[in-house]
Amino acid sequence: AQSVTQPDIHITVSEGASLELRCNYSYGATPYLFWYVQSPGQGLQLLLKYFSGDTLVQGIKGFEAEFKRSQSSFNLRKPSVHWSDAAEYFCAVVPRGGSQGNLIFGKGTKLSVKP
Amino acid sequence: DAGVTQSPTHLIKTRGQQVTLRCSPISGHKSVSWYQQVLGQGPQFIFQYYEKEERGRGNFPDRFSARQFPNYSSELNVNALLLGDSALYLCASSLAGIVTEAFFGQGTRLTVV
Numbered sequence: 001a002q003s004v005t006q007p008d009i010h011i012t013v014s015e016g017a018s019l020e021l022r023c024n025y026s027y028g029a030t031p032y033l034f035w036y037v038q039s040p041g042q043g044l045q046l047l048l049k050y051f052s053g054d055t056l057v058q059g060i061k062g063f064e065a066e067f068k069r070s071q072s073s074f075n076l077r078k079p080s081v082h083w084s085d086a087a088e089y090f091c092a093v094v095p096r097g098g099s100q101g102n103l104i105f106g107k108g109t110k111l112s113v114k115p
Numbered sequence: 001d002a003g004v005t006q007s008p009t010h011l012i013k014t015r016g017q018q019v020t021l022r023c024s025p026i027s028g029h030k031s032v033s034w035y036q037q038v039l040g041q042g043p044q045f046i047f048q049y050y051e052k053e054e055r056g057r058g059n060f061p062d063r064f065s066a067r068q069f070p071n072y073s074s075e076l077n078v079n080a081l082l083l084g085d086s087a088l089y090l091c092a093s094s095l096a097g098i099v100t101e102a103f104f105g106q107g108t109r110l111t112v113v
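Protein chains in written order, with the working numbering: chain U, 1 to 115; chain W, 1 to 113.
Please keep in mind that the hints were generated in silico from the structure rather than gathered at the bench.
Even glycine gets a Cβ: it sits at the ideal position worked out from N, Cα and C.
Careful, some of the hints might be misleading.
To be verified - Restraint-style ranges between C-beta atoms, simulated for each label pair:
(1) Gly84(W) <-> Ser14(U): 37 to 45 Å
(2) His10(U) <-> Arg109(W): 18 to 26 Å
(3) Ser3(U) <-> Ile12(W): 28 to 36 Å
(4) Ala96(W) <-> Glu15(U): 35 to 43 Å
(5) Ala2(W) <-> Thr12(U): 32 to 40 Å
(6) Thr100(W) <-> Ser3(U): 18 to 26 Å
(7) Asn71(W) <-> Gln45(U): 19 to 27 Å
(8) Ser26(U) <-> Ser65(W): 30 to 38 Å
(9) Val38(W) <-> Gln45(U): 13 to 21 Å
What the hints assert, rightly or not - Short, incomplete list of chain W residues facing chain U, as computed with Cβ under 7 Å:
(10) Gln41
(11) Pro43
(12) Phe45
(13) Gln48
(14) Arg55
(15) Gly56
(16) Leu90
(17) Gly97
(18) Val99
(19) Phe104
(20) Gly105
(21) Gln106
(22) Gly107
Stated by the list, open to error - Taking beta-carbon pairs under 10 Å as the criterion, some of the chain W residues facing chain U (in silico):
(23) Val4
(24) Gln6
(25) Gln37
(26) Gly40
(27) Gly42
(28) Gln44
(29) Tyr50
(30) Gly58
(31) Leu88
(32) Ser94
(33) Ile98
(34) Ala102
(35) Arg109
Work out the full structure, taking the sequences as your base and the hints as a guide.
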């Protein structure tokens, strides 16, 4: 079945430590890939996106993501986490084919940051 | 530049009532999509409107309806509210029908009691 999976529901890292949030997808053709961040009670902010080309994508707030076709993954990374990064992170796809008009989201990973 | 604006920010309704949520997209954007986000879950697609026509619909009952106006703003209507309709309703705007970048509003928090 077509799906977007974020295996980690909740991750806690220390401030200054590195971060990797996992995302796997299951689609016949590589979909458009996105990472969004959501602070409590707020809307979603786009961190970065991947359509084609260079598999390492740079985003806002010091985030980057790497697309790996062989693993059907699009993991989000940050070298050094700040307390303000505490939020919920959503991986999302737009499947190629069809209307390409809607995002399909994973269930999210909640990030907590220890001082 | 104004981003995506949604109103109201919060509201409380009683089971069986009807509710209308409003969204204004970013200037120049012609597509508006609606998503429902239940606590602890990712957003679920409800509708997409592009150039005032429904372009896509998610797996939601007919109690949910929407429309887009000539100025590209949009309304989401939910009839016969159920407790399970309590959620954050998010509006997203994009330039075109194919979503290559979507910008979200802050959402409307609906509580059904």
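Check: Hints broken by the structure, by number, lowest first?
Finding: none
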